[in-house]
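Put together the whole structure using the sequences plus the hints.
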Amino acid sequence: MAVRRLQRPVAGGASDTGLRDALIVAGLTVLALALRSARLDFQPLWWDEGYSVWFAHQPLAEMLRLTALDIHPPLYYALLGGWSQLFGLAPVALRLFSVVAGVVAIPLIYVAGRALGGRRAGLLAAGLLAINPLHVFYSQEVRMYGLVVVWSILAVLAAARWLGIGGTDRASGGWLAVYV
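Reminder that position 122 of the sequence shown reads as 122 in our numbering, one-by-one numbering, no gaps.
Hints listed in this document are in silico derivations from the structure and should not be mistaken for laboratory results. For every residue, glycine included, the Cβ atom is placed at its ideal position computed from N, Cα and C. Don't take each hint at face value.
[Stated by the list, open to error] Here are the computed distance ranges between Cβ atoms for each label pair:
#1 TYR51 <-> VAL111: 43 to 51 angstroms
#2 LEU64 <-> GLN43: 28 to 36 angstroms
#3 ALA26 <-> TRP151: 42 to 50 angstroms
#4 ALA159 <-> TRP46: 32 to 40 angstroms
#5 ALA26 <-> GLY88: 22 to 30 angstroms
#6 PHE137 <-> LEU116: 22 to 30 angstroms
#7 ILE131 <-> ASP41: 15 to 23 angstroms
#8 ARG39 <-> PHE87: 36 to 44 angstroms
#9 PHE87 <-> THR17: 35 to 43 angstroms
#10 ALA155 <-> LEU134: 18 to 26 angstroms
#11 LEU134 <-> TRP54: 21 to 29 angstroms
This is the structure we're talking about:
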């Protein structure tokens with residue numbers, strides 16, 4: 001009669017890798033938050049930031065009319081207006097909206113990078129974006145730049161999913177709607 005030995009599961013399986021990646025991305029996200037939150041009160045709002053605040057506090061119909069004459073669409077200003085009603089008009093409070101957008105971009109770019117190039121590409125993309133000086137700088141401005149990065153990453157991810165790129169089956173029209 002043969003005796004079977006019980007074997008312990010080998011460490012480093014798929015679940016270990018997923019947990020490790022999640023912890024790395026969480027750490028990078030915390031690092032991104034720390035970098036983007038530093039010195040938010042270093043200087044007063046400058047001209048373009050004041051312009052964003054002014055736009056954000058126009059009545060919606062007026063905002064839509066004015067942004068039709070401008071190169072920037074109204075979504076950012078509408079969101080900033082709601083944010084400032086919740087958190088106030090202090091420069092730090094206003095800049096935190098962009099900080100949040102900049103921080104949200106880190107796990108999003110990990111997901112997009114992983115979908116397009118594998119887990120290492122996702123981790124590399126998240127790490128590079130977390131410490132990118134230009135992304136840190138523009139994530140501290142009361143301007144739409146941080147939110148544009150988030151929408152751009154979502155557009156790339158949605159297009160990849162819709163086209164079936166990155167090892168995923170071609171997805172439904174829902175991803176096309178996100179892309180558009």
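Q: Could you tell me which of the numbered hints above are not met by this structure, giving the numbers in increasing order?
A: 1, 3 and 8
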